[in-house]
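Asks: Sequence:
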Amino acid sequence: MTAETTQKETLGFQTEVKQLLHLMIHSLYSNKEIFLRELISNASDAEDKLRFAALKDESLFENDPELNIRLDYDAEANTVTLSDNGIGMTREDVVENLGTIARSGTAEFLNQLTGDEKKDSKLIGQFGVGFYSSFIVADRVEVFTRRAGRPVSEGVHWDSKGDGEFTLEPVELEQRGTSIVLHLKSDASEFADGQRLRHLVKKYSDHISFPVIMKAEKSSDDEGDDETPEDETVNEATALWTLPRNEISDDEYKGFYKHIAHDFEDPLTWSHNTVEGKLNYTSLLYIPGRAPFDLYNREAPRGIKLYVQRVFIMDHAEQFLPLYLRFVKGVLDSNDLSLNVSREILQNDSTVETIKTALTKRVLDMLKKLAKKDPEAYQTFWNEFGTVMKEGPAEDFGNREKIAGLLRFASTHSGEPTQNVGLADYVERMKDGQKKIYYITADSFQAAKSSPHLEVFRKKGIEVLILSDRIDEWMMGYLSEFDGHHLQDVARGELDLDEVETEDDKKQQEEATEAHKNLLDRVKTALEDRVQEVRVTNRLTDSPACLVVGDYDLGAQMKKIMEAAGQPVPDSKPIFEINTEHPLVQRLESESSDDRFGELAAVLFDQATLASGEQLTDPGAYVSRLNRLLLDMSGTES
76 MTAETTQKET LGFQTEVKQL LHLMIHSLYS NKEIFLRELI SNASDAEDKL RFAALKDESL
136 FENDPELNIR LDYDAEANTV TLSDNGIGMT REDVVENLGT IARSGTAEFL NQLTGDEKKD
196 SKLIGQFGVG FYSSFIVADR VEVFTRRAGR PVSEGVHWDS KGDGEFTLEP VELEQRGTSI
256 VLHLKSDASE FADGQRLRHL VKKYSDHISF PVIMKAEKSS DDEGDDETPE DETVNEATAL
316 WTLPRNEISD DEYKGFYKHI AHDFEDPLTW SHNTVEGKLN YTSLLYIPGR APFDLYNREA
376 PRGIKLYVQR VFIMDHAEQF LPLYLRFVKG VLDSNDLSLN VSREILQNDS TVETIKTALT
436 KRVLDMLKKL AKKDPEAYQT FWNEFGTVMK EGPAEDFGNR EKIAGLLRFA STHSGEPTQN
496 VGLADYVERM KDGQKKIYYI TADSFQAAKS SPHLEVFRKK GIEVLILSDR IDEWMMGYLS
556 EFDGHHLQDV ARGELDLDEV ETEDDKKQQE EATEAHKNLL DRVKTALEDR VQEVRVTNRL
616 TDSPACLVVG DYDLGAQMKK IMEAAGQPVP DSKPIFEINT EHPLVQRLES ESSDDRFGEL
676 AAVLFDQATL ASGEQLTDPG AYVSRLNRLL LDMSGTES
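Residue 76 is where the sequence shown starts when you use the numbering used here, and the numbers rise one by one after that.
Don't take every hint at face value.
Unchecked claim - Label-pair restraints from in silico Cβ distances:
#1 A639 x D390: 28 to 38 Å
#2 S264 x P492: 25 to 35 Å
#3 D411 x E574: 50 to 60 Å
Read the hints as simulated data drawn from the structure, not as lab findings. Note that beta-carbon positions come from the ideal geometry of N, C-alpha and C, so glycine has one too.
Based on the provided sequences and hints, a complete structural model is requested.
Replies: Rendered as structure tokens:
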């Protein structure tokens with residue numbers, strides 16, 4: 076140990092921690108008691124880490140293999156002390172873990188703080204910054220810690236009043252692990268009480284798989300007895316997932332979820348399952364009720380807690396569920412993996428792939444059951460995680476049909492932007508003779524709802540799904556059908572309305588194409604550099620013209636995604652469809668001047684471009700043409 080580290084030092088907190096501590100100290104949370112759950116959860120993690128590390132080096136137990144968490148209080152001194160004999164910390168660990176928030180997304184977390192005490196307290200639980208919750212109830216916190224396997228002289232004493240600084244000094248510690256001493260605020264003295272602490276342990280941490288030990292409370296008969304009260308375990312200290320389902324209450328399931336997810340809210344649903352046979356494993360999987368702040372960061376830590384033969388292996392075992400299900404929380408305990416398993420082994424293990432397939436199916440079945448049993452709860456799930464679920468069809472080809480059944484969309488049927496229409500609902504409402512599922516993509520619900528491409532569908536009473544999330548067009552590239560029905564983009568390629576379109580409709584379009592062949596040729600010539608084809612529409616009833624994307628061309632959403640990613644966008648020209656029944660098109664057809672014809676054709680094309688949600692390549696030219704036409708109509712010379 077260097078001379079520099081043998082002296083007492085005063086260091087400053089990271090800027091983000093200062094902000095967080097200010098929030099803790101100066102806000103009065105409605106749920107102060109949550110601090111104990113967070114500290115016990117951290118202590119449990121430390122015990123897990125020691126047990127795992129000791130698989131390779133049994134000497135780390137230091138002749139004390141009985142892992143436990145101890146909770147003490149002193150009413151006179153107004154303190155609460157929580158101790159564990161887990162892995163402990165070195166001086167460097169202390170600076171890293173207690174002086175900074177050592178996880179990505181801190182900025183996003185702080186940006187979401189609103190000043191609303193109730194909402195912010197929930198965020199604290201959500202983001203897992205548990206240690207700092209000590210300052211909700213304490214105006215001074217001390218930490219005594221020594222890393223397992225390190226000399227007694229390498230203990231560390233950390234001390235802070237949460238005022239922007241903390242002190243560090245070396246201290247001799249016989250016991251490995253960590254002790255946290257909370258010097259309670261005057262208005263938090265209620266926690267320096269044995270019955271209160273016992274109640275909180277039972278309420279929040281009964282499921283912790285390590286015993287939480289306290290001194291037994293003296294009864295009235297023992298008053299005046301000088302004997303030291305015996306220790307007693309105040310929690311069940313049993314790994315919840317190892318118990319039979321009929322022995323676990325809903326409240327216990329919910330409490331365990333809050334422990335592993337660091338969440339204040341109850342989960343929407345869960346599934347507890349044991350598999351015995353060729354493979355032996357137990358899984359307990361949860362669907363949260365609220366999305367975490369880093370849900371859309373595909374690089375963020377994710378995955379379920381992995382245990383092997385009840386020994387903790389890792390916190391974020393991402394290999395057991397696909398990326399689109401990264402919101403799932405839970406525990407997997409397997410008897411078929413090595414205790415010394417590593418991430419590299421997991422990535423190349425056929426057993427892992429088999430378990431992943433089974434767990435993925437279980438999650439999808441759980442969601443299907445939730446949608447059927449409690450549509451309101453499923454709608455909550457979809458509002459939180461729907462965009463991530465839309466990654467599924469591309470990532471999980473084998474379960475594409477199952478995923479498709481779980482998708483929800485807005486629709487012309489409801490006329491509201493809420494995504495609450497499933498594909499099965501749509502199929503049930505299909506018109507007689509309709510074989511396809513029709514949809515439209517746009518930047519917003521309102522833009523899609525106002526699109527000219529929907530005109531013929533309104534006329535014939537055909538429902539159209541409205542897809543306005545940025546990911547939608549990309550997703551539909553991997554989702555071509557559902558329940559035997561082809562999905563068709565109403566703004567792409569030839570529009571086939573199946574048997575809903577009568578023979579008279581088809582004949583009328585053919586006759587119009589033949590009768591206006593000269594008009595189509597003139598428009599194609601006038602817009603030669605801007606269109607790949609000009610044809611008579613069967614989509615429009617009220618608008619003069621619209622743009623249609625070619626069968627294999629990129630739509631507006633995909634172009635914007637590629638541009639935002641800095642990728643080159645392939646050149647493609649749209650198909651220009653015109654409504655020969657519209658007065659503007661009839662006016663265009665009667666125009667003898669080629670110059671005037673070109674001007675009017677260009678204006679119609681630009682208007683159709685705007686209606687499709689795309690940007691004009693030359694807005695100034697459009698405005699100039701429009702002004703000239705308006706002046707000409709008014710009889711004023713330009």
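Asks: Take the hints in turn and mark each one as holding or not.
Replies: Against the structure, the hints:
1. About 33 Å separates the C-beta atoms of A639 and D390, a value consistent with the hinted range of 28 to 38 Å.
2. Between S264 and P492, the C-beta spacing of about 51 Å breaks the proposed range 25 to 35 Å.
3. For D411 and E574, the hinted distance range of 50 to 60 Å is satisfied, since their beta carbons lie about 54 Å from each other.
Checked against the numbered hints given earlier, the structure breaks only hint 2 and satisfies all the rest.
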